[in-house]
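This is what each chain is made of:
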Amino acid sequence: MQSFFSNKKAIAIFVLPSLLLFTIIVFYPLVQIFIKSFYDWNGLSSGTFIGIENYVRLFDDTTFRISIINGLIFAAFLTIYQIGLGTILAFAASNIKTKAGGFFRIVYFLPVVLSVTVVCQLWLSVFNAEYGLLNKIFEIFGMSFSQDWLSDGNTAIYVVAFVNAWHYLGYQFALILAGIKSIPGHYYEAAQIDGASPLQAHLRITLPMLAETYRFCLVLAITGGLNAFTQMFIMTGGGPGTATYSLTYMMYSSSFRAGEYGYGMAAASFLVIECLIATIVINKLMAREKIVY
Amino acid sequence: MEAVIKKSNRKKVRTGDIIYKIFLWVYAIFSFYPIIWMIFYSFKNNDEIFVSNPFGPPGVLRWENYVKALTQYNVPRYFLNSVVISVVTVVLTITLATMFAYATARMRWKGQNFARIFVAIGMFIPIQSILIPLAVLVRDLNLANKYLSLIIPYTAFNLAFSSMVLYGFLRSIPVELEEAACIDGAGIFTTFFRVIVPNLKPAISTLTIFTFLQAWNEFPIALILITKESMKTLPLGLLFFQGQFTTDWGAMGAAMAIASLPTVIMYIFFSNQVEKAITIGGAVKG
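From first to last, the protein sequence lines are chains A and B. The numbers in numbering that gives the first Met the number 0 rise by one with no breaks, and the one at position 72 of the first sequence is 71. The numbers in numbering that gives the first Met the number 0 rise by one with no breaks, and the one at position 239 of the second sequence is 238.
Chain A on its own, in the form it takes in the complex (with noise of 0.2 angstroms):
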């Protein structure tokens, strides 16, 4: 038995293909953003080094702070939106007796499959300032003003962390509502008997029993709306102006629009960390509360 699991050529065979591809496509550039963000780089020379300048540059730039906050406003539309409405979706559902439980699940659910592209361009025609839905709905209650929503550069980053946030709600939903079922039901049970109301045996029950769920989902809406970059670079190209720019979209940006390979790693380098730091917070947090029954 020994020697059949310690079999060096079968161990080999099984591990080196995963190491070698996630070393080099993974690993090696992960490496590369903390490396080049300290030079002055094209992409495609070695570059200069110029120590912390770009670092210098990056807490110097609008753009970078535009960026940032754009992102923490993103990760916050995100986690009310989705977890705070897929909390109650999923209490109401998990309350209703009826097999009609399945049916919103799946309707909740249906954006999630469709292709981001898909999803932006639907709200762009729906938010279109001369033909879309929305504007027609105003037309029809009477309503004379017609908003282009995504021309305003104060409305345009909620709308784009909107479209995000309808997109993948379900998958939200579909975490929380798998947490609630499985919590036994005799906890709902004793609380009736001791006659709390359905509310009630919500807030004192499912809440702390989810704490692990939750962790999960706040890592993906807040790392989610950090790393947002997709719905800006189709619904509105960064713009008004830089209204809408992320941290991902102005790397995007300052490297294969303007060349300046060195400066757009500095900001990757940045995510990257921001993305870790948010990761642990949570972790760290949620850990705390951590509940054995």
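Misleading hints may appear alongside valid ones.
Capping the alpha-carbon separation at 25 angstroms, the derived lysine-lysine pairs in DSS-like fashion look like this [said to hold, decoys possible]:
| id | chain 1 | residue 1 | chain 2 | residue 2 |
| --- | --- | --- | --- | --- |
| 1 | B | 145 | B | 227 |
| 2 | B | 67 | B | 227 |
| 3 | B | 109 | A | 7 |
| 4 | B | 275 | B | 200 |
| 5 | A | 8 | B | 109 |
| 6 | A | 180 | B | 145 |
| 7 | A | 180 | B | 20 |
In case anyone wonders, no lab produced these hints; they're calculated from the structure.
Model the placement of chain B on the given structure of chain A, informed by the hints.
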């Protein structure tokens, strides 16, 4: 007295039920109507979409929108590219991850824990952040605009998650399985393919769906690594419809409907497995 309490309780439950249901229905409409609206306008002409009938179902089904999307534009080509890339990614990811997970979960060698944790890093890195060095790497390896230029990164990114799930699953399979096979004289490879892999079926089927959806919908990497029209995947190809079609919403809607059909059908048929595939993430990640 008891009867009264019971009655009032029941009544409360029922009004509660109605409120829950209204709430669920409102969001269901909000979630579903935009998609239906898109399907509706994929069958309409501009006059119907903009003026005469913006909300309701089409009066006449204008299939010519679909014919146009299929014949005049590259939709079938994008579709084929997406299918090839997603399917190969799934096969490669599952194969590599299963072997890797088996070696780290079961076999004994120096550095097995290190290797497992090293690959697990992949789950905590935002994919987009390594786009630039990845693009440079793909260019230097002369892979740009080939199927492999997407298949290789997609496989590498999905490897971390898949092998973590399989690792957890393998730990729950009793070692006696292999011991019995070993006593019967089976070698490690025979045991792996004949005994272990069949036992991993539930995990493999959920991971197949999960990986397929990831590859099918991936956008940023495709955007940067694919520039040739004939190599574009659906999410990328549809993007450039916007420019060509700004005045022709019907054909754009048709193209988007065609692009969505496979995943929607797959979801409706396998909705339980798909949700299991999605929620399996909750158990491992985070």
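Okay, the hints, checked on the actual structure:
About 9 angstroms separates the Cα atoms of residue 145 of chain B and residue 227 of chain B, which keeps this hinted pair within 25 angstroms; it holds. For the given pair, residue 67 of chain B sits about 22 angstroms from residue 227 of chain B by alpha-carbon distance, which is consistent with the 25 angstroms threshold. In summary, the hint linking residue 109 of chain B to residue 7 of chain A is supported, as the alpha carbons are separated by about 11 angstroms, within the 25 angstroms threshold. Taken as a hint, the residue 275 of chain B and residue 200 of chain B pair is honoured in the structure, with Cα atoms around 14 angstroms apart against an allowance of 25 angstroms.
Between residue 8 of chain A and residue 109 of chain B, the direct Cα distance comes to roughly 14 angstroms. Compliance with the 25 angstroms bound is thereby established for this hinted pair. Restraint check for residue 180 of chain A and residue 145 of chain B: the C-alpha separation of about 45 angstroms exceeds 25 angstroms, so the hint is violated. For the hint linking residue 180 of chain A to residue 20 of chain B, the alpha-carbon distance of about 18 angstroms falls within 25 angstroms, and the restraint holds.
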